[in-house]
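**Student:** Next come the chains, spelled out residue by residue.
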Amino acid sequence: MKPPTELDAPPAPDADALAADPSVENPVAGIDQAVGDFTYDVKYEFDAGSGLNENVIRYISGVKKEADWILDFRLKAYQTFLDKPMPTHWATKDLENINFDKIRYYLAQGQKPKRTWDEVPDDIKKTFERLGIPEQERKFLAGVEAQFDSEAAYSNVKDIVAKQGVIFLNSTEALREHPEIFRKWFGKVIPTGDNKFSALNSAVFSGGSFIYVPPGVKVAMPLQAYFRINAENFGQFERTLIIADEGAEVTYMEGCTAPKFSTSTLHSAVVELVALKGAKIQYITVQNWAPNVFNLVTKRGLAMEDAEIKWIDCNIGSRLTMKYPGVVLKGKRARGEVVSIALANDGQHQDTGAKMIHAADDTSSLIVSKSISVGQGRATYRGVVHIPKHLKGCKNNTECDALLINTNSRTDTYPAIVVRGDTHAVQHEASVSKVSEDMIFYMQQRGLTEAQAMSLAVNGFVNDLVRQFPMEYSVELKRLIDLEMEGSVG
Amino acid sequence: MSASALPATPTEGLDSSRFAQHLSQRAYLPAWWLETKKAAFNQFTALPLPSRTDETWRFSNLKGLDLSGFTLPEDPASQIPNHSAFPQTAEIVFSNRQLVARSTVPAELAAKGVIFAPLDEALQNHGDLVKQYFQKHPAQLGSEKFVALNTAFTAAGALLYVPADVEVALPFVVQHTLTGNNVAAFPHTIVVLGPRAKATLVEFFISGGAATDRQLASGVNDLHAAEGAQLTYVGAQHWSRETLAFQVNSIVAERDARVLSLNLHLGGRQARHESNSRLLGPGAHSEMLALTVADGAQEFDQRTLQTHVAPHTTSNLLYKNALLDTAKTIFSGLIIVEPDAQKTDAYQKNRNLMLSDAAEAHSLPGLEIQANDVKCSHGSTSARIDAEQEFYLQSRGINPAESRRLLVAAFFEEVLEKLENEDLHRALTGLIASQFKR
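Chains A and B, in that order, are what the protein sequence lines are.
The numbering used here puts the first residue of the first sequence at 1, with every later residue one more than the last.
The numbering used here puts the first residue of the second sequence at 1, with every later residue one more than the last.
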C-alpha cells in the first residue's frame with residue numbers, strides 16, 4: 001500500500017496535478033468557484049500510484065480479480081490510448097495541459113470513512129442549504145456517509161428493482177457475475193478506439209453502473225448513479241452499460257446536484273446504452289464538477305427498432321467539459337433525443353453537443369441545446385447529424401440557443417450535418433442573444449433587483465428544458481443557476 | 001496544416017523551371033511583384049497538400065487534389081464562348097491566360113480617374129495601387145497553398161479602380177476562358193472602390209472546348225469597398241466537367257460600405273470556393289450569396305467566414321445548393337464576432353434542395369461570438385421539394401416536370417432577385433436554366 005499523496009492533502013492549490021489555477025476569485029461574476037474544492041484525509045487500501053503503464057493496468061485488474069479477457073481488453077485499450085493522438089486539431093488546445101503521468105488511475109478505499117456532519121466545512125454546508133438538498137442527501141453528498149451508510153438506501157432501490165429481474169451492479173461485479181449478459185454489448189456501442197479518452201477509460205475503468213432490464217419491464221423509479229460512483233469513492237474512470245431488453249423502460253440519473261469536493265483532475269467516463277426493440281432509456285446527467293476538472297466523457301446509445309433513447313445533459317461545473325452524447329439509430333423508426341443545458345462561468349469551457357447517427361429508415365432525432373456564458377466563460381455547441389445513403393424518411397431537428405450575459409462572454413456553434421438522398425427533412429437553427437434590457441427593466445420596475453431579474457431571465461431561458469427534468473433535479477438546477485448567476489451583473 | 005500531410009513535392013508541369021520561364025517573360029514588371037511571385041512559389045512548394053485532420057478540409061475529397069500534369073497554355077483558343085451579352089461599361093477577355101479582347105473605359109469615366117486594366121498593364125501603370133491592395137487581407141480559409149500557386153503564376157487578371165464619389169451604373173466584365181486538356185489558369189482580380197463610389201464587376205470563368213477536358217483553375221479576388229462605397233461582385237463559374245477549381249474571395253467593407261457578392265457555381269469536377277468578409281467600420285454590410293447546381297458526380301465545397309471586427313456591422317449570407325444525381329456539396333460557414341463588435345447583426349443560411357436519392361449535402365454552419373450585445377443566428381435545411389407546393393401547382397393543371405422546374409427556379413429566385421441589374425439577373429437565370437435542359 002503506497003502512501004496517498006495528492007488526495008489526502010488539504011486543498012492546497014499546488015495539489016492540483018494540472019498546474020491550472022481554477023481562478024479561485026471570480027473578478028467578474030464574484031462567485032467563489034472553489035466552493036466545491038475540499039478533501040478529507042482518506043487512507044486508501046488500494047492505490048495504483050500516479051502515471052500509467054501496463055503494470056498499473058495489471059494491478060487494477062488484479063485487485064478486481066477480473067477474468068483474463070477483461071485484462072486483455074484493458075491492455076489492448078492501453079495500446080490504442082498510446083497510439084491515438086490528442087484531438088487538438090479541432091478541439092481546444094487546453095487538452096494539451098493534461099499531464100497523464102501525474103494522474104492517479106486507481107484508488108480504492110478499504111475502510112469505512114468515519115466522519116460526521118460537523119466536519120463538513122461551513123461554506124459547503126451553506127451551499128447545500130441554499131441548494132435545498134435534504135439533510136440525508138447532504139450527508140451523502142458531502143461524502144460523510146459515502147460508503148456503508150448509503151449502501152442501505154441503495155440496497156432498498158436494488159431490492160425493489162431486483163424483484164422485477166433488473167440487474168443493477170457495478171462494472172466489476174457485473175462482468176464477473178453476468179458476463180453472458182454484459183459481455184455481448186460491452187465496448188460495442190463505443191469501441192475502444194473511438195477516441196483517445198474512450199481508450200483510456202477502457203484501459204483503467206472502475207466503478208460505474210451496469211444495468212440490465214428484462215423484456216417488458218418498466219422500472220418505475222429512476223435508478224440513481226451517484227450511489228454507485230461514490231461507492232468506489234473515486235469514479236473518475238467509471239464505465240456504465242445499460243441494456244434495456246425488448247419493450248423495457250428505464251430512467252437513469254447520474255451526477256451530483258451539489259458542488260463536488262474532488263481534487264481530481266481528469267474525469268473520463270464511457271457510457272453505453274443499448275435499447276433493444278421497443279425499449280426506452282432516459283439518461284439524465286447533472287454535472288457540477290469542481291472548476292479544476294477536465295471532464296472528457298464519451299456517451300453513446302444504440303437504439304433498435306422502435307426504441308427510444310433520450311439524453312438529458314446538464315453541464316455546470318468543470319474546467320473543460322467535452323461531451324457529445326450520441327444515439328445510433330440502428331432500427332427502423334428508432335428515435336433519439338438530446339436535451340442539453342450548459343452554463344460556462346469564468347475559466348470554464350463547456351464544449352458540449354450531440355451526435356445523431358441515422359442508420360435505418362424512418363428514424364428521427366431531436367437536439368435542443370441551450371447554453372449560457374457568464375463572465376469570461378465559453379460555451380460551445382458541437383454536433384453531428386449523419387444521414388447516410390439509401391435511407392428513407394429520416395428526420396432531424398436541431399435547435400441551439402446561446403445566451404451571453406457579460407460583454408466578454410463567448411459562445412460558439414459548430415454543427416456538421418450530412419444528408420444523402422431526397423426523402424429526408426433536416427433542419428438546424430441557432431441563435432445568439434443577450435437578456436433584453438426591456439425584460440430586466442420591467443422586472444426591476446416590479447421591485448426586483450437587477451441580479452434577481454437577471455437570474456429570473458436566465459431561468460426563463462432554460463425553463464422549457466428544465467421542466468423535462470425530474471422534479472428534484474429541476475428544483476436544484478434552478479437554484480444552481482441562481483448561484484452561478486450571483487454577482488454577474490452590476 | 002498538420003504534419004501528417006503528404007510531403008510537399010514540386011508539382012510536375014508547374015515546376016520551378018516552368019516558373020522561371022513564367023518569371024523571365026515578365027522581367028519588365030516591377031521588382032516587388034517579381035519578388036512577391038518568387039516568395040509565393042516557394043510557399044506553394046513548401047506547403048503540404050491538405051490532410052485528413054485539417055478542419056478546413058473536413059468532408060472534402062482530398063484525393064481529388066491532384067495538381068500534377070498541368071501546363072500553362074500560351075496560345076489563345078480560336079473559339080471563345082461568350083456569356084456577357086448584356087449592357088456593360090467595359091470588358092476584358094482572356095483566353096488561355098492571354099488577353100484577347102478589351103473595350104476601353106468610356107472617356108468621361110476615364111477622365112474621372114476610373115481604371116479598368118489587365119493585371120500586367122495595371123502593374124506597369126498603377127503599380128502602387130496594385131501593391132497597396134494585392135492580398136492585403138488574405139482569406140486564409142484553408143487554400144493557402146492554392147492561393148500561393150495563383151500568386152506565383154497569375155498573369156490574367158484585372159484591376160478595377162473607381163475613385164471617390166464616382167458611380168458607374170453598368171457592370172464591368174472580366175471573362176476567363178480555358179480551352180484544351182491539362183491546362184491551367186490563375187485569374188486574379190482586384191476591385192478597389194473609393195469612398196462613396198459605386199460599381200458592379202461581373203466575372204465569368206468558362207471552359208471552351210470539350211466538357212471532358214481536364215483543367216485546373218485557381219482564382220483569387222481582392223474586393224475592397226472604402227467608406228460608404230457600394231460594390232456588387234458577381235462571379236459565374238462554368239468550368240469543364242473535369243476541372244479542379246479553386247476560387248478564393250476576400251471582401252473588405254469599411255465604414256458604411258455595402259458589398260454584395262454573388263457566386264454562381266455550375267462547372268468543375270471538384271470546385272472549392274472560399275469567401276471571407278471583413279467588416280472593418282461601423283455601418284459596414286456584406287451580403288454573401290451563392291447558387292450552386294450540382295449534378296453528375298460533381299463536388300462543390302464552399303467555405304465562408306463573416307468577420308465582424310467593428311461594432312454596428314451587419315452581414316447576411318444565403319447559400320443555396322440544388323443537388324442532383326450523385327453530386328456532393330459542402331457548406332462550411334463561420335460567423336466571428338470579435339470582442340469589440342457589439343451591436344453586430346449577422347445571419348447565415350444554407351439551404352440544400354435534394355433532387356436525387358443519391359446526392360449528398362454536408363452543412364457546417366458555425367458561430368464564434370465574443371461580444372454579448374449581438375444578433376446572430378444561422379440556419380441550415382436539407383430537404384426535397386415541398387410536396388404541398390408541388391401538389392398545389394399540379395392541381396392547377398401544371399404537369400409534374402414543369403411544376404418541379406418552376407419550384408427549382410423559385411428556389412434560386414430568392415437569391416437572384418437581390419441583384420438590382422435586371423439584364424444581369426436575366427443572364428444568370430438563363431445560365432442556370434441551361435443546366436436543367438439536358
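One or more hints might be untrue.
[As the list claims (entries may be wrong)] Partner residues are not named here, just some residues of chain A that face chain B (Cβ under 8 Å, in silico): (1) Ser-50; (2) Asn-53; (3) His-89; (4) Trp-90; (5) Lys-389; (6) Thr-407; (7) Arg-410; (8) Pro-415; (9) Val-426; (10) Lys-434; (11) Ser-436; (12) Asn-459; (13) Gln-468.
[Claimed, not checked] Straight line, CA to CA, 30 Å or less: simulated DSS-like cross-link-like pairs of lysine-lysine: (14) A:Lys-395 <-> B:Lys-320; (15) B:Lys-63 <-> A:Lys-389; (16) B:Lys-375 <-> A:Lys-395; (17) A:Lys-188 <-> A:Lys-76; (18) A:Lys-478 <-> B:Lys-63; (19) A:Lys-280 <-> A:Lys-434; (20) A:Lys-84 <-> B:Lys-63; (21) B:Lys-343 <-> B:Lys-320; (22) B:Lys-349 <-> A:Lys-434; (23) A:Lys-389 <-> B:Lys-349; (24) B:Lys-349 <-> A:Lys-392; (25) B:Lys-375 <-> A:Lys-434.
None of these hints come from the bench; they were simulated from the model.
As the structure is a prediction and not an experimental result, all values here were calculated from the model.
Even for Gly, the Cβ is constructed at its ideal location relative to N, Cα and C.
**Student:** Hint by hint, say whether it matches the structure.
**Tutor:** Now the hints, each set against the structure:
no.	hint	in the structure
1	Ser-50	30 Å, violated
2	Asn-53	26 Å, violated
3	His-89	4 Å, holds
4	Trp-90	5 Å, holds
5	Lys-389	7 Å, holds
6	Thr-407	5 Å, holds
7	Arg-410	5 Å, holds
8	Pro-415	6 Å, holds
9	Val-426	4 Å, holds
10	Lys-434	5 Å, holds
11	Ser-436	10 Å, violated
12	Asn-459	18 Å, violated
13	Gln-468	24 Å, violated
14	A:Lys-395 <-> B:Lys-320	20 Å, holds
15	B:Lys-63 <-> A:Lys-389	21 Å, holds
16	B:Lys-375 <-> A:Lys-395	28 Å, holds
17	A:Lys-188 <-> A:Lys-76	15 Å, holds
18	A:Lys-478 <-> B:Lys-63	51 Å, violated
19	A:Lys-280 <-> A:Lys-434	36 Å, violated
20	A:Lys-84 <-> B:Lys-63	23 Å, holds
21	B:Lys-343 <-> B:Lys-320	27 Å, holds
22	B:Lys-349 <-> A:Lys-434	21 Å, holds
23	A:Lys-389 <-> B:Lys-349	24 Å, holds
24	B:Lys-349 <-> A:Lys-392	25 Å, holds
25	B:Lys-375 <-> A:Lys-434	8 Å, holds
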